[in-house]
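> The residues making up each chain are set out below.
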Amino acid sequence: MNSQIFHPFVLPFVLGMAFVLTYCLVGLIRVILQLPKDDRKQFLRSLVTPKTAWANIRDLFGDCLFHVKIWKRNPLLGYMHSAIAFGWFMIIVIGHIMLFTLKPLEGVEVEGFARTFTNFYYPIFFKYFAEETPVFAFLMDFFLLMIISGILIAVVKKIHSKIVGVKRVTKFGFADNMIRFALWTIFPFRLIAEKTNIMAFWWLYSIDLLIFMFMLPFTRYMHIPTEALFILMRHAGLNAREPRKGYALAQLYSCPSCGLCIDACPMSVNDKMSGNTSAYFMKKLRNKDSDEAKRIAETCLMCGKCVMVCPVSIESCDIKFSQRAAVPYEIHSDHSYLDVISTEAQRSGEISSKDKVLYFAGCMTQLTPKIMRAMKQIMETAGEEYEFLDKDGGICCGRPMLLSGKTAEAQAMIAKNTELIKKSGAKKLVLSCPICYKVFKEEYHLEGIEIQHHTQYINELIKNGKLKVNKTDVNYVYHDPCELGRAFGVYDEPREVIENVGNLLKAKSEKELSICCGGSLGSFNLTQKERDEITSNSVADLMFNNPDEIVTACPLCLKTFARKSPVPVKDIAELFVVHQA
Amino acid sequence: MKENILIIGGGAAGMEAATQLQKMGLTPIIVEKSEHLGGHIAQWDRLFPAFHPAKDVVDQMLNQVKDVKTYLNTEVTDIQRNSDGFKAILSNNETIDAKAVILATGFDIFKAERKQEYGYGIYNNVMTSVELENFFRTGNDARINNPKKIGFVHCVGARDVKVCNTYCSKVCCTTALKQACEIKEVFPDAEVYTFYMDLRMFGPGYEDLYLKTQKDFDVKCVRGRVCEVSEDMDGKLVIKAEDTLFGKPLKMTLDVLVLMCSMEKNKSIDVIQQKLGVANNSDGFMQNKDMYLGMNGTAQDGVFVAGACTAPKSLPDTIGEARSVATQVFNYINSK
Amino acid sequence: MDFGFCLSPSSHVKMDSVDLTTFNHLKETNPDINTCIACGSCTATCTAGNFTEMSFRRILLMLQRGKEEEAKKMIQRCMLCGKCTLVCPRGINIRKILLDITR
Amino acid sequence: MIIEGKQKIWADYQKDIPDDHYFYVRSCIRQAFWPGSEVTFLDITRNKLGKDFYENPYHTTCGGIAYHSDTIPQETAMTIIARQFALMKESGYENYVCSCITSFGCYTETLETWHEYPELEAKIRQYLWDSCKKEFAKPKYLAHASDIIYKFRFEIAKQMKFPLVNAKTGKPLKVVEHIGCHYSKMFPSKGFGGAEYPHVLVGMIEAWGGEVVDYPERRQCCGFGFRQYFVQANRGYSESNTHKKFESMEPYEPDLIITNCPGCPYFLDRWQYVIAEQTGKTYGKNGYGIPALTYEEVAGLVMGYDPWDLGLQMHQVAIEPLLEKMGIPYDPKQKYQGLNGKDLGQPMCPSCIKSV
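Chains as they are written, first to last, in this note's numbering: chain A, 5 to 585; chain B, 431 to 766; chain C, 111 to 213; chain D, 499 to 854.
Bear in mind the hints are in silico, worked out from the structure with no lab data behind them. The structure displayed is predicted, hence computed values, not measured ones. Worth double-checking, as some hints may not be accurate.
List time: in silico DSSO-like cross-link candidates among lysine-lysine, alpha-carbon distance up to 27 Å [said to hold, decoys possible]:
#	chain 1	residue 1	chain 2	residue 2
1	C	Lys137	C	Lys177
2	C	Lys124	B	Lys650
3	D	Lys513	B	Lys681
4	D	Lys672	D	Lys779
5	B	Lys592	D	Lys513
Build the full structure now, drawing on both the sequences and the hints.
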């Protein structure tokens, strides 16, 4: 054994460690300073609020070390991540514990300043400097082998990703590949160095660490330190406001480019389109490739599935929103012409009962008159008093404008619709279009007015006996529209309605994993051909159990599926027309 | 069974009818007034919609009729019906006895100078679609000198009561867009405008041709008829039209203006047609029995029609009619 | 001297001097634009067109006839609702084009 | 330009003009606008060419202006015309020659309408009888006065003293020809050369040594357009039309415009002044305008009439540069002296376009 507490080979590691710590500290301060004043206050306060503090601790361990979400997705993939992260964490922790319990080698004084200083590298090169106690030696070897087992899986995954249930993986550039190689080799080098004590391997081990830590801020591995900050910020309830600042920046660096969103993304029907997925968006934005980031942001369907599957819970749709909002426009909307609009009922002064239902079909439903007709029949059969807000064509709900990032310009439409709805005196607003539903729920201030999507409304009417239906043995499959399902968790009501009239089969991907139909207004760039490919894929997913008919609850999904579906596609409202008792 | 069938006109219709009749064992005799067979199509460079060389088609047809008795530079000067059929006297004083007569006399090109406002024959750079096709075929036309802006006027002599042609000439729209592509192929930097009334192009591959003009060649289609053409100091053409989709009059300078001349009935046959007792329809073309089952027949027994002598027709239309007239004649002979 | 009248501006579209920069730029990013057959479906279905003179078909023409300012004025009426894109028989990504024009 | 193409069309659009014995009717507004023109016409045809022209003092307006301004119905206009024909018949003539293009258009339109609808002719015959107790005969030949000059253009050329040639350079003058719309645009076959490439004035220019300018807006109306001028608020349209023509002919640097309609020379002349006042632009050289003359005035000039006897001082656009180009002597002092030596009074000096 060696008789000194310092050897030059620790220098590369110390250098790397110093660099990475400095970088992260500066980055941390920068991100916090970039936060708008209110957000910053909110963030700092959250750190000392017991409830958020507890959530912070829970997620820091659960997400950063144990990767609970990845375990849930695929145990092998979860093990791979935990083995490396948790294993590494443990050998550092055990190293430090040993630092206090070690029996120094003969002639080695590890006291005072030396002890403090050696804290940096001592546990890292422990075996070179100190003798181990057997229990710790076993733990150290155990965790080291655990890490190496994780790396082995990673190597296999690189060659054959399906082993961990991943179809498409993120394609990396030179730097990312190099740091990955560095990471893979760190621990084998350590193992060899520890077992053989050949000086060259201690050097390799240390230099490998230097490479890893030096490259870390410039590669996806930056997610290791950033994720902690992101978790804290997320729990503070912040929102991404600018695509490359503050909270968004923390998210950008927290994205590990793991690529789980690639398989999830409806656009991943071919290689070319899979380049439009969130993993690449974050990467391009991180690398300041703003043209590409802008293009991807505007290509995205905004279905929110990537957010749903993200192991880090990155809110990539919000960042895409902020990216869209950051595009400057030369011409601004002028919707002043809306001022003079009033509804027919308002013009004729027929504002009567307060109990009436206000029905707003929305632009997309205007293109699917059968839904409107079905809704009319439903409301009439149920004996509801109703008013048709946009019978002669209404004003857009504002969501498409919001989707373009023009938040302020959507306000004219939101304001006018709000005025019309409030003037109607109705207490319930029923919508047929989930696109409208989302914006009415999130952006409209309609205090005292209940907002329902027609799936909820119909289900309610059936439940309280106002609508009577016959059960048949038609096999239906239900498609969850993104803006109804993932956005608001309206999964059960439509299913209950379907079960009242027929058999409900399962789709291959359901509920929060449902695949966007491809017609989404969220995307600006997709061509019809590209959309068709997405639709075909989504239809195939729905056809998994050979249903007789596809049922959806969104006029846009209906129109989109109708292009490609081998079986009839119906809106949930139409089911009533077919199965009315 | 060797029965003479007199075919007047050696264009696409006449040649194809002869080919089929010969295969049926009859004896077709072609009388062609010009010095070559092939008619208008022999003067054409490429065919719409797929830019197929016209020569290929004509050569094949010529090859098929090489054994058919053919009179070139010859006209029928007189024709009499007799108990045996018809007796025709040719301009070379020969006499032909025939059991049946097929009129395959085709069309004439509308004389563009009749639309005076377009200045054909007055302004140097106004040309007809036929002349442009000739340019594609030969590469020679003094008027086409690296033009930067080229215009096409549709419906010249068609759908126009001012020249007494109320009918649509059927092939000009497609031809215009075909030629627009071709001129862009020769002069890729040129801007090409077509002034159309309705784009009447229907048939297999025609819409693809249209999309090609729009996507690959950026041909600009303006809906509206050119109303007048003048020449400016540099000899360029100043044209006026209304962009009817935009609802505003439009004025522009062009280097070359191509007039898409319509088809008119070939009048050189009028005397013989009269002798045979075949009337004209309201468009001035020959009147067939009816436009469905009797499209190849006429009011006269033993007198048949095929091709563009009854109405403007495309090449596939004409060939189809030529084949059907052969069947009609065959049945007619057999029923005698 | 005031004659009580003056030269009225020409209503002619002077194609020789039309500046097509915007349209050509638009065409580069949206080549489908050329397949428009002026059917007017976009105008007929337009949500804003229900209240105003908004017409995408005309906007396209305006850009090609040197009336860019008019086009830009008209485009302000758009609500981006996307109905036009859904009804376009030529599959033109109208919403994207409208967005591009305003940039 | 392929001149043979035009010649072919000119050959196609010829019409018969009798050699002698004409019933001449004057134009309402030409007598006011260009009093020298009709006098010169009669002097040339009667005295220089030896033709018989008869004028009946009872002839009136043809009603054309009222008709085209929608103030009288067509049947009224036709009855007025029938009365003129009745005067011709009473005078024993059958070749009707009118000085006005509007009238020529109305007469042609009336004769063609009667040809298509004989019952209308019978009706008008009755109206004329009811109102005037007159009976009319349709003229055997109807001609515009410019047709007569066209017919005898070569005879005039023989007596020519000052051809349409720049006396200094020997080069032909560049002459814009402008026919009245109603000369042949309604009935192309009724005018020499038809509607697209009318020959009536071109023939004169060529016969008298000038060079014809064919410019892009040649076919455009002068801008008179009746209602466009008569309503003050619409005069901008009238002026704009003229403006368009001048902008189009300007690059050709024409020396002269020759016209055969009452309104055209008036508007092509006066609007030059208005355009100059409003925009500061003049279309001739050195701040002058382009003289717009009637064909009689041009015939008179080439035959050596005194410019002031022809009434050229009635033109807003100064005629002097043209006289100098053609080498025609004139006395500037006499410009504003009437035939009787009395001062005619001088026009207010325009601020932009040169008047002397």
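> Now look at each hint and say whether the structure bears it out.
Against the structure, the hints come out as follows:
1. C:Lys137 <-> C:Lys177: This hinted pair holds, its Cα atoms lying about 17 Å apart.
2. C:Lys124 <-> B:Lys650: holds, 15 Å
3. D:Lys513 <-> B:Lys681: Violated - the C-alpha atoms of Lys681 of chain B and Lys513 of chain D are around 34 Å apart, more than 27 Å.
4. D:Lys672 <-> D:Lys779: Measuring from Cα to Cα gives roughly 20 Å; hence the hint holds.
5. B:Lys592 <-> D:Lys513: Status holds; Cα separation ~21 Å.
Hint check: a violation occurs at hint 3 only; the rest are consistent with the structure.
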